[in-house]
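Engineer: Given these sequences and hints, build the entire structure.
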Amino acid sequence: KKEAFDYWHEGDGSRFFGAIAVFMFGFFYMFLLRQEQESGESNGELEGL
Numbered sequence: 528k529k530e531a532f533d534y535w536h537e538g539d540g541s542r543f544f545g546a547i548a549v550f551m552f553g554f555f556y557m558f559l560l561r562q563e564q565e566s567g568e569s570n571g572e573l574e575g576l
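Read in order, the letters of the sequence shown are residues 528 to 576 in my numbering.
It is possible that part of the hints are untrue.
Claimed, not checked - Across the chosen pairs, the derived CB separations fall in these ranges:
(1) Ala531 x Met551: 21 to 29 angstroms
(2) Gly540 x Glu565: 31 to 39 angstroms
(3) Gly567 x Gly538: 38 to 46 angstroms
(4) Glu530 x Glu565: 42 to 50 angstroms
It should be emphasised that the hints constitute simulated quantities derived from the structure, not laboratory data.
In this text the structure is predicted, and so the values were computed from the model without any measurement.
Note that the Cβ used here is the ideal one computed from N, Cα and C, for glycine as well.
Structural biologist: This is the structure we're talking about:
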């Protein structure tokens, strides 16, 4: 059990699963932004940034 704890909290696992979480959050946020842009284009409300 100590090996698993060390893997998750101190070893390579902490970096690996942390990176996966960041990528998942990034893709989810990108998906939300694309949905917002598509709804803005369909309503003719898209403004330049």
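Engineer: Checking each numbered hint in turn, tell me which of them this model violates, lowest number first.
Structural biologist: Per hint list: zero violations.
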